[in-house]
Amino acid sequence: MENKRKYVIPGDVITTGPYRPEQNVILDGNKIISTTIGISEIFDDSIKVIPLTGKYIPKIDDLVIGKVISHTSLSWELDINSCYVGFLPAQDVFGRDFSAHADELTSKLKSGDLVAARIANFDRTRDPLVTIADRDLGKIDSGELVKISPSKVPRLIGKRGSMIQMIEIATGAAVTIGQNGWIVISAETPEGLLKAKKAIQMVDEKAHVANLTDQVKEMLESKGES
Amino acid sequence: MGGRDTTLVLLDENGIRCDGRKVDEPRRIMIKAGGLKNADGSAYIEFGDNKILVGVFGPRDVHPKHMSNTDTGILRVRYHMEPFSVTERKNPAPSRREIEISKVIKEALEPAVMLEKFPRTAVDVFIEVLQADGGTRCAALSAASVALADAGIPMRDMVAACAAGKAADTIILDVNNEEDQAGQADMPIGYMPSLEKITLLQLDGILSPAEYKKCVETGIHGCKIVYELQKKALTDKYFGNGEK
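Read top to bottom, the protein sequences are chains A and D.
If you want my numbering, it's the 1-based position in the first sequence plus 80.
If you want my numbering, it's the 1-based position in the second sequence plus 91.
A few of these clues could be false.
Claimed, not checked - With a straight-line cut-off of 27 Å between C-alpha atoms, the simulated DSS-like cross-links for lysine-lysine are: (1) A:Lys277 with D:Lys328; (2) D:Lys123 with D:Lys323; (3) D:Lys328 with D:Lys123; (4) D:Lys128 with A:Lys277; (5) D:Lys156 with A:Lys128; (6) A:Lys139 with D:Lys315; (7) D:Lys315 with A:Lys86.
To be verified - Pair ranges (Cβ atoms, derived): (8) D:Glu207 with A:Asp214: 30 to 36 Å; (9) D:Val114 with A:Thr95: 47 to 53 Å; (10) A:Glu224 with D:Ser186: 46 to 52 Å; (11) A:Pro98 with D:Lys194: 38 to 44 Å; (12) A:Pro270 with D:Glu179: 47 to 53 Å; (13) D:Lys194 with A:Arg240: 46 to 52 Å; (14) D:Pro185 with A:Leu107: 36 to 42 Å; (15) A:Asn110 with D:Thr261: 36 to 42 Å; (16) A:Thr95 with D:Glu179: 49 to 55 Å; (17) A:Ser242 with D:Asp115: 51 to 57 Å; (18) D:Asn129 with A:Lys278: 21 to 27 Å.
Everything labelled a hint here was simulated from the structure, so no lab data went into it.
Here a beta-carbon is modelled for each residue, glycine too, at the ideal position from N, C-alpha and C.
Bound conformation, chain D alone:
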């Protein structure tokens, strides 16, 4: 893993991708709700080789006080990559990219979280990327949404996220690190499945209008797969040994 492989075949003649997946197949996904005792809510996700831990606090007092809003609560998100999450040590100080992803995830969660119920408070989401392999923002967003639900923060809907993209002139689901580096386009999508609304959409690369449409559809299909797993994670934690 890591490093560019010039001889890499992104898609072979049988329609199999470089890591053995089919065109519309996501990576192996595992989500676990809870696990951290001291946080109000938490979640852990394994999205292929991505490993991400999320802790949520709140609603709680805002510090510094001047940040608080008397009309509504505020959401604060920190996305952080561990120094050991990538092959070359990453400086633990927040980078330009991390600040951007924090903002993007915050804005993707805001339509779902009903912050107006808690004026003058803050909800803090801490995302720690333990291991990164492409598509961490989607995995982090999916896990953050599970952690918020685990913390009991009222939400209009869950937010599920998955990327779609283009590699070897084909629209593919769930872009991994190699496909991201060598591929033609990468489009992370955040989606609220019950309300059928998109909360995050970014695009890095060039797509024709027809490809764009197909890419969004493929991404939403991926989000629905993720949503089922989010649902399972929460059901397992809260109703795991229940009868009714």
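Bound-form chain A, shown alone:
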């Protein structure tokens, strides 16, 4: 079969034959069946479906934006827009000499704070472990939070970051994209912020449209003139 993209819904037989099933497909006999609504892609010998809907499922090494929900004396819990809560141990923030008696967790992160974090570890048995001990990670002090569907994050980033680069250049805003669909925009001018926000929401609404990059570009430029 030719390397063709197809719209599929759960139960659709994408193709038959010796292909390797990847994301969101199952093998039934020699039939390859989609398990979600999305766009199927065939590469050489493997098949995957890019989902158009669904919740965020944590993956190791993903950058996510989380919101502190609560803390115990040893760790914080982050809402990462998933069915699981992110677990951020205190050692990660205070360093190895962290002491539950001496250090007060709320001095670093309070409930409601936004954090850029990375998924350090995740398996089926435990909640995802996140870390903020890395460059560009940690508490987010300024910017505006925009929420989009997590399944549309790859579309917002575009091929090799083309879409997001275009938005950043056109609006002068710095955009931090969490794989969980939460995005923080910080810009020097309020106009740039609004424009970037509008562009991101446009991607969210029209993610399945083919020439979306051109449409977003048009929108960004037209607003610039008025």
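Fit chain D to the known structure of chain A by using the hints.
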């Protein structure tokens, strides 16, 4: 509608049923995916005079915690009829019948939904029957499956459902309220069209082995009609104004 009509002719000499349908003709079916903003997935179905709204949440945290399963996710279904869904006010508290239908629909969806991908979580399906006219469990199951797909929950296949039955000694497709009350048998069927598997089969009434076989075949034929409409509903929502 409603109330028993003793002079009702279920099938006339031309093979036309009491509501003007042919023997193998389903009622008018309309399915819409989405529509509820706050639910993760939703669907609305009109199946003849049945009007049903379904909302899906999840996968999400399980409350109460002791219900969660460390090996797999759990599916919870609530089927509920509005007080105004039938001619005489229905008490909104869950009745014996509603609890049974909730269980039956849950078990009909479980083979399709890949819950093992989300251990320690729950998927909640809320079914609200706004107007009932016979065959609500089939309509509700069809809509629930669309809502689950809309929520992006991985599924092996869609579940389509349709009833078949026997009235005036003839096997008929899609039994309506009158035929259910006055007819001889009613058989709701849930079916996964791509995997060709039955997930729900109930039978109320008496059929001979030959009739039973024909009834199942008729029901599956109905499920395939419903499946096409489910497909259309999802395609319209997700690829409606897409080019490719």
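| At the C-beta level, are Glu224 (chain A) and Ser186 (chain D) separated by a distance inside 46 to 52 Å? | Given a distance of about 49 Å, which is inside 46 to 52 Å, the answer is holds.
| request: Go ahead and decide if the range 21 to 27 Å is satisfied by the Cβ distance of Asn129 (chain D) to Lys278 (chain A). | output: This hint holds: roughly 23 Å between Cβ atoms.
| task | Take the C-beta atom of Pro270 (chain A) and the C-beta atom of Glu179 (chain D), compute their distance, and say whether it sits inside 47 to 53 Å. | result | Given a distance of about 59 Å, which is not inside 47 to 53 Å, the answer is violated.
| query | Hey, Lys156 (chain D) versus Lys128 (chain A), does the alpha-carbon distance stay inside 27 Å? | reply | violated, 34 Å
| request: Take a look at whether the Cβ-Cβ distance between Pro98 (chain A) and Lys194 (chain D) falls inside 38 to 44 Å. | output: Hint holds: Cβ distance 41 Å, inside 38 to 44 Å.
| Satisfaction of hint between Lys123 (chain D) and Lys328 (chain D), Cα-Cα up to 27 Å | Holds, at roughly 8 Å.
| query | Given the hint that Lys123 (chain D) pairs with Lys323 (chain D), does the C-alpha gap stay at or below 27 Å? | reply | holds, 9 Å
| Pro185 (chain D) and Leu107 (chain A), beta-carbon distance inside 36 to 42 Å? | Roughly 40 Å apart at Cβ, these two residues keep to the hinted range, so it holds.
| Cβ separation of Thr95 (chain A) and Glu179 (chain D), checked against the hinted range 49 to 55 Å | holds, 53 Å
| Range hint 47 to 53 Å: satisfied by the CB atoms of Val114 (chain D) and Thr95 (chain A)? | At 38 Å between Cβs, range violated.
| task | Using the Cβ atoms, figure out if Asn110 (chain A) sits within 36 to 42 Å of Thr261 (chain D). | result | This hint holds: roughly 40 Å between Cβ atoms.
| query | Taking 27 Å as the top limit, are the C-alpha atoms of Lys139 (chain A) and Lys315 (chain D) close enough? | reply | violated, 37 Å
Violated hints, in rising order: 5, 6, 9 and 12; the structure is consistent with all others.
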